[in-house]
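Colleague: One-letter residues, chain by chain:
2 protein chains.
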Amino acid sequence: MKLSDLGEFGFINKIREKSHDISGVMLGIGDDAAATSITPGMALLSTSDLLTEGVHFRLDWSDPVTLGRKSLSVNLSDIAAMGGIPRYALLSIAVPAGFSMEFLSSFIDGFLQQAEKYSVSLIGGDTSASASGFFISVTLLGEQYPDRIVRRSGACNGDLVCVSGTLGDSALGLDLLKSGSYSKEQVIKHLDPTPRVELGTLLAELKIPTSMIDISDGLHADLGHILKASAKGAKICIDNTPLSDIFRNSVSKNSPDYYRFPLSGGEEYELLFTLHPSRLKDAEEAAAKAGTSVSVIGEITEESGLFLASADGSSYSAELNCYDHFALN
Amino acid sequence: MKLSDLGEFGFINKIREKSHDISGVMLGIGDDAAATSITPGMALLSTSDLLTEGVHFRLDWSDPVTLGRKSLSVNLSDIAAMGGIPRYALLSIAVPAGFSMEFLSSFIDGFLQQAEKYSVSLIGGDTSASASGFFISVTLLGEQYPDRIVRRSGACNGDLVCVSGTLGDSALGLDLLKSGSYSKEQVIKHLDPTPRVELGTLLAELKIPTSMIDISDGLHADLGHILKASAKGAKICIDNTPLSDIFRNSVSKNSPDYYRFPLSGGEEYELLFTLHPSRLKDAEEAAAKAGTSVSVIGEITEESGLFLASADGSSYSAELNCYDHFALN
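So the sequences go chain by chain: C and B. Under the working numbering, residues 1 to 329 are what the first sequence spells out, in order. Under the working numbering, residues 1 to 329 are what the second sequence spells out, in order.
These are calculated hints, taken from the structure and not from any lab test. Be careful, since some hints might not be right.
[As the list claims (entries may be wrong)] List time: in silico PhoX-like cross-link candidates among lysine-lysine, alpha-carbon distance up to 25 Å: (1) C/K18 with B/K228; (2) C/K253 with C/K235; (3) B/K117 with C/K228; (4) C/K207 with C/K235; (5) B/K253 with B/K184; (6) B/K235 with B/K184; (7) C/K289 with C/K207; (8) B/K117 with B/K14; (9) C/K14 with B/K228; (10) B/K253 with B/K228; (11) B/K184 with B/K117; (12) B/K18 with C/K228.
Chain C on its own, in the form it takes in the complex (with noise of 0.2 Å):
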């Protein structure tokens, strides 16, 4: 069947039978617009992200189900960069005429996979024929007590820099994804990427972190983001990017890749965020209760630039290239 058998009323009635409401949700799919509760007390956190095919994402290279999954979690790390609690979603998608119905099909069931697994409703949304190509934009409500929310501008002088998970996994991917040969295993982190929700919700309970951001433009391009706000500068030991063993085993560590992956590649969704050194150890704890690591990869400086070092303390020059979803590649 194809989406304009089916028509927008069918589709949404299609959706509206799959989604499952979580509570606080007053109306959901179905009126002109959803009304849901915000916990008294805490401020609405809002972020939205497109994913436009040829850019962001390519049907061959991934399916329906995993593409679902990873629209919803490149908004999930958004709130987990503010450190808040995801709750409600609105998705919209504008398809091609002639539009398997059954890719749809499964790309829904995967956005309300990861929806149901991080305790988000889908709430509302649109559909729409799109003159060419595959968009889904994808807008996530969540929620923190004001004192809990971690901004990017927070950061103090001599504050450790730390990321989550591991570096370089996802521009890999990517790489490998273009040269078309690849393990399924090689791959995963850049289709279907982990939001680190629960570590952020932790760390901003704890309120460990000074500042923090997801890793979603590259390391080099997101820290750049940090001391921006911060209006600080940053000393990072390039040899300190925590790497996983598939990414030690599949790049030589004589590439120009083994460094340039972990320090510029883009949607990686791991968290990047500064702490007073005295918390470091709430830190780890934290980060092993949300089933993940942290690593300290540098540290805060007075002097404003971003300075990359080898562990002999020697400059790291190489253009390290921001990721930037304008430049089609």
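We have chain C; now place chain B onto it with these hints.
Modeller: Just chain B now, kept in the frame of chain C:
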């Protein structure tokens, strides 16, 4: 300048400079998510609408400022249809390579003009490349006390069916735009509709409507949504649909469009609502206060089905196609 020269971050900074935060915004554009407050005791209202080039708009029909305004207006209309107060907007756009920065800048100006007019803050969104075509996705957040929110499901037997403003103008405008021969005033309601935010909020505050929806799919289809949600029927007098002077001067009474446009034309963005006959005077006063009018076009019936009749009581039976955005037109 092209957008690709400025890059994603440059463009976001430009939007940030232009947008003015209104009360309730703790953290606007520029972090991983926005943080805002909702008035204590109020429910959060959320709605999303997609506008895609070639389906919802054509760049040779609309100037960018007007398109920017309409992108927010269609969402304002959804919040109005709940009786809600609009508060915060997220705007995501995908643009083809080489898209004009001047066009986009004017588009944002139009969006922000409309945001300011309705006291809405632009708090976030996303920008992306598009393989082809301009895509606009807007999420609008609003608020209202739960007992004032107007749903589609409350229409009662004997309620009057009312509509704000006039009908058929948008369908007429679209028809004339397609023909290529029109005056500005004939197409303005299609290109630059006025969302009935003030009327919707007033009606909700006074608890006048038993059900409400905005006319985006056409009177016939949208009244159908109310009837389905309310498990009722309705009798509509097709000679009572309110028509503008422009419409009467543009469409002959002998043309099938004379009834077809007001009954099935989409994108009118008028409010369609039901009320107990004793509240009609209150509704008329509210409409006058909001700078528009209210017309009674029929009555809710216990018996299901939508019966369309002329003033002489004879049944009107022309086929009314639902305005479905999946049908590329």
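Colleague: Take the hints in turn and mark each one as holding or not.
Modeller: Hint-by-hint comparison with the structure:
no. : hint               : result
1   : C/K18 with B/K228  : holds, 20 Å
2   : C/K253 with C/K235 : holds, 22 Å
3   : B/K117 with C/K228 : violated, 33 Å
4   : C/K207 with C/K235 : holds, 24 Å
5   : B/K253 with B/K184 : holds, 22 Å
6   : B/K235 with B/K184 : violated, 35 Å
7   : C/K289 with C/K207 : holds, 16 Å
8   : B/K117 with B/K14  : holds, 20 Å
9   : C/K14 with B/K228  : holds, 16 Å
10  : B/K253 with B/K228 : violated, 31 Å
11  : B/K184 with B/K117 : holds, 22 Å
12  : B/K18 with C/K228  : holds, 20 Å
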